[in-house]
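Chemist: Read off the chains here:
2 protein chains.
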Amino acid sequence: MQFSQELKEDLSIRQRRLQDAMQTQGVEACILTTNVNIFYVSGIVYTGYYYLPAAGEPIHFIKSPQATPIENAVYIRKPEQITEILKDKGIPLPKSILLETDSVAYSQIVRLLAIFNLSECLNASVWMRKIRSVKTDYEIDQVKQCARRHELVYSKIPEIYRKGMTDIKLQIEIERLMRLNGSVGTFRGYGDNMEIFMGSLLVGDNAQAPSPFDFALGGAGVSPIVPLGANGSVIQEGQAIMVDMAGNYSPWMTDMTRVFSAGKTSGLAYKAHQVSIDIHEKTMEVFQPGFPCAELYNLALEIVNKEDLSDYFMGTKQQAKFIGHGLGLEINEPPVLTPRSKELLVENTVFALEPKFVLPAIGAVGVENTYLVTNSGLEKITLFEEQIIELN
Amino acid sequence: MQFSQELKEDLSIRQRRLQDAMQTQGVEACILTTNVNIFYVSGIVYTGYYYLPAAGEPIHFIKSPQATPIENAVYIRKPEQITEILKDKGIPLPKSILLETDSVAYSQIVRLLAIFNLSECLNASVWMRKIRSVKTDYEIDQVKQCARRHELVYSKIPEIYRKGMTDIKLQIEIERLMRLNGSVGTFRGYGDNMEIFMGSLLVGDNAQAPSPFDFALGGAGVSPIVPLGANGSVIQEGQAIMVDMAGNYSPWMTDMTRVFSAGKTSGLAYKAHQVSIDIHEKTMEVFQPGFPCAELYNLALEIVNKEDLSDYFMGTKQQAKFIGHGLGLEINEPPVLTPRSKELLVENTVFALEPKFVLPAIGAVGVENTYLVTNSGLEKITLFEEQIIELN
Chain A
671 MQFSQELKED
681 LSIRQRRLQD
691 AMQTQGVEAC
701 ILTTNVNIFY
711 VSGIVYTGYY
721 YLPAAGEPIH
731 FIKSPQATPI
741 ENAVYIRKPE
751 QITEILKDKG
761 IPLPKSILLE
771 TDSVAYSQIV
781 RLLAIFNLSE
791 CLNASVWMRK
801 IRSVKTDYEI
811 DQVKQCARRH
821 ELVYSKIPEI
831 YRKGMTDIKL
841 QIEIERLMRL
851 NGSVGTFRGY
861 GDNMEIFMGS
871 LLVGDNAQAP
881 SPFDFALGGA
891 GVSPIVPLGA
901 NGSVIQEGQA
911 IMVDMAGNYS
921 PWMTDMTRVF
931 SAGKTSGLAY
941 KAHQVSIDIH
951 EKTMEVFQPG
961 FPCAELYNLA
971 LEIVNKEDLS
981 DYFMGTKQQA
991 KFIGHGLGLE
1001 INEPPVLTPR
1011 SKELLVENTV
1021 FALEPKFVLP
1031 AIGAVGVENT
1041 YLVTNSGLEK
1051 ITLFEEQIIE
1061 LN
Chain B
671 MQFSQELKED
681 LSIRQRRLQD
691 AMQTQGVEAC
701 ILTTNVNIFY
711 VSGIVYTGYY
721 YLPAAGEPIH
731 FIKSPQATPI
741 ENAVYIRKPE
751 QITEILKDKG
761 IPLPKSILLE
771 TDSVAYSQIV
781 RLLAIFNLSE
791 CLNASVWMRK
801 IRSVKTDYEI
811 DQVKQCARRH
821 ELVYSKIPEI
831 YRKGMTDIKL
841 QIEIERLMRL
851 NGSVGTFRGY
861 GDNMEIFMGS
871 LLVGDNAQAP
881 SPFDFALGGA
891 GVSPIVPLGA
901 NGSVIQEGQA
911 IMVDMAGNYS
921 PWMTDMTRVF
931 SAGKTSGLAY
941 KAHQVSIDIH
951 EKTMEVFQPG
961 FPCAELYNLA
971 LEIVNKEDLS
981 DYFMGTKQQA
991 KFIGHGLGLE
1001 INEPPVLTPR
1011 SKELLVENTV
1021 FALEPKFVLP
1031 AIGAVGVENT
1041 YLVTNSGLEK
1051 ITLFEEQIIE
1061 LN
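Which chain is which? The protein sequence lines are A and B, in order. Here the first sequence is numbered in our numbering, starting from 671 and rising by one per residue. Here the second sequence is numbered in our numbering, starting from 671 and rising by one per residue.
Okay, chain A solo, but in the shape it has when bound:
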């Protein structure tokens, strides 16, 4: 694998963003070791440590022996070699470091601190998630390429639906379509309580079932070891089928929810679904770069309350307190569209908006789209029929 010139330049931009933040805050070095951040800064996944000084070039300390196209790679067996190698290169050891303390295990951070003879560090997890939330041109192009595959797969769902199918059977056939159209399979989320397989498909009362995970909606799942999503129920005539399957066709993802129905569904379902579409349209209309996340939530809630649908909004038994989130290499990136958020949606942020309603016996309705914040407003990235699609 060789990197394109475009990718090389993009990696420089990402590195510079991190170094700018380090210089502003006076941090001397950053060490990254999680797959997602290693990929973001190096263009590949390796097992090891990415070492970046506040100025100058990074060093890739690599434990896995695969051939790589990256420069400044040094092979190591254990992290204790990092300081030895820095000394050999005449690089002074940093007095302040950034480590991924929200996502790397305690024992590994303790080991790294001991190697650098430090007692504390700053939180690279938070920094990297903040930096990654604003996309480069290269990343935006990847998100758009992903959207085209995502749309193509959804367009084929009517062909694979059969009357009397269970929810899980339909999901399995969608999973196959996804893989045949380039889904990488592995679906990356941030956080221990965010386990999900290839996405979510919810039908009927199962849409009300709470899950232990912090996703917008739940579902009971088919096994106690994976308590989320489809539960094996037969899809009944008149029910809504909410398809929120992963858009992981490129490293940078899209998030898109569409609703199908087994025959015609209920008047309430069509109404609530239209309110979701209205929220999207109103959002696009009023949005300006720098719009506060909390205000997007409040805008949605105002429409929901006016339409008297608050009992169904984002769940029934368990109601999620957010209507969207950033996404990219992980499906749940900052910012989060909650009423308590202080964050702004700045230019080149990619985020998903998902005002949804859960209707007892019917299922879940509502549209989710991925948007890009441009210099003048919002660009819709996920372009596919938004009305409820009838399956027969």
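Hints should not be assumed to be uniformly reliable.
If chains are identical, the list can't say which one is meant, so a pair holds when it fits in one copy or spans any two.
Said to hold, decoys possible - Once the Cα atoms are required to be at most 27 Å apart in a straight line, the calculated DSSO-like pairs of lysine-lysine come out as:
| # | residue 1 | residue 2 |
| --- | --- | --- |
| 1 | Lys987 | Lys934 |
| 2 | Lys987 | Lys733 |
| 3 | Lys826 | Lys839 |
| 4 | Lys976 | Lys1050 |
| 5 | Lys934 | Lys814 |
| 6 | Lys987 | Lys748 |
| 7 | Lys1012 | Lys733 |
| 8 | Lys1012 | Lys805 |
These are computed hints drawn from the structure, not numbers from a lab.
Following the hints, position chain B against chain A.
Modeler: Quick look at chain B alone, frame taken from chain A:
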């Protein structure tokens, strides 16, 4: 969901094992928060903290709001409430605790230590992996149920093979068969450098490609974000197809590798494959409960060397230094069958033995089976044709 009497009793056995170890080592409390350990001790996945004193009943501090069938559940919003609730219940705060320091993020462990006003803790990750490596009767029954599905799926592979298929296309059709036969999808491994989707399918020269992950074999993968396994090559006549797809049909898993071939394959492939089978047979013959892991490795290596196949053993460019591993709720549990291991394979351990060979241009060959250590030797759990199966 209600628990069976059998499961309730099994959960008591698991709890007692942990408490016995705590009492022996003089630790006053254990707090678990990872999904896999929460499931092991409580029978469900929840977001929160399982609190176990050295004697007496556990308390489940649950943040996720789903209804649960478990007793002693207390709902909390944040971990700081744990000590408040313990005080309210008149339970003295522990002076020594076990926390999952190898698998829980630094910032979360620091927070828990602060809550208990402690500066250090013991490593529950290591303890739990040790305890989980010896299975209960309930767990062994689950492993055997899983094996039946695993075998059934492999038996259908000849029906889905088509000449001229790519490796990834064949893998996708196997993934679908797996899901239709009850695979839960999510495939659990331990450790940050163990990312894998639903297993591994390797054909031809791609079997030689190293990956950044610590699995027995590698493969280049189809995307830089998931650098492992099938790489999209067309399967050529004469090549070996190594199928090592996940046995995740029940929470407790099986691991099984079988080899298929596109038409007839090479003499060297048949020979090396037979040597792998010989290693399995010799192992079953000499095995006694308490056999050292290192000796199983050495036994295999001796046979490999005698047959002059060491250049192909467990890889070519990158050779794995283990030939098997424990498994259960995670695919990679202790013990590991390496030459440096000091561990013994005691009764009721479930482990996979996978002596494999990588042959340039041909692919990988060799059998992997899951075994149970009984009171007199080894019981083979994965029962399926072991010779190379010709596909046409």
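Chemist: All the hints need checking, so say for each whether the structure fits it.
Modeler: Right, here's what the structure says about each hint:
1. Lys987 x Lys934: within (26 Å within a copy, 59 Å between copies)
2. Lys987 x Lys733: Answer is between: at 15 Å across copies they meet the 27 Å cutoff, but 47 Å inside does not.
3. Lys826 x Lys839: both (15 Å within a copy, 18 Å between copies)
4. Lys976 x Lys1050: within (25 Å within a copy, 64 Å between copies)
5. Lys934 x Lys814: neither (32 Å within a copy, 44 Å between copies)
6. Lys987 x Lys748: between (49 Å within a copy, 21 Å between copies)
7. Lys1012 x Lys733: between (40 Å within a copy, 24 Å between copies)
8. Lys1012 x Lys805: within (20 Å within a copy, 49 Å between copies)
The structure is inconsistent with hint 5 alone, although it conforms to all the rest.
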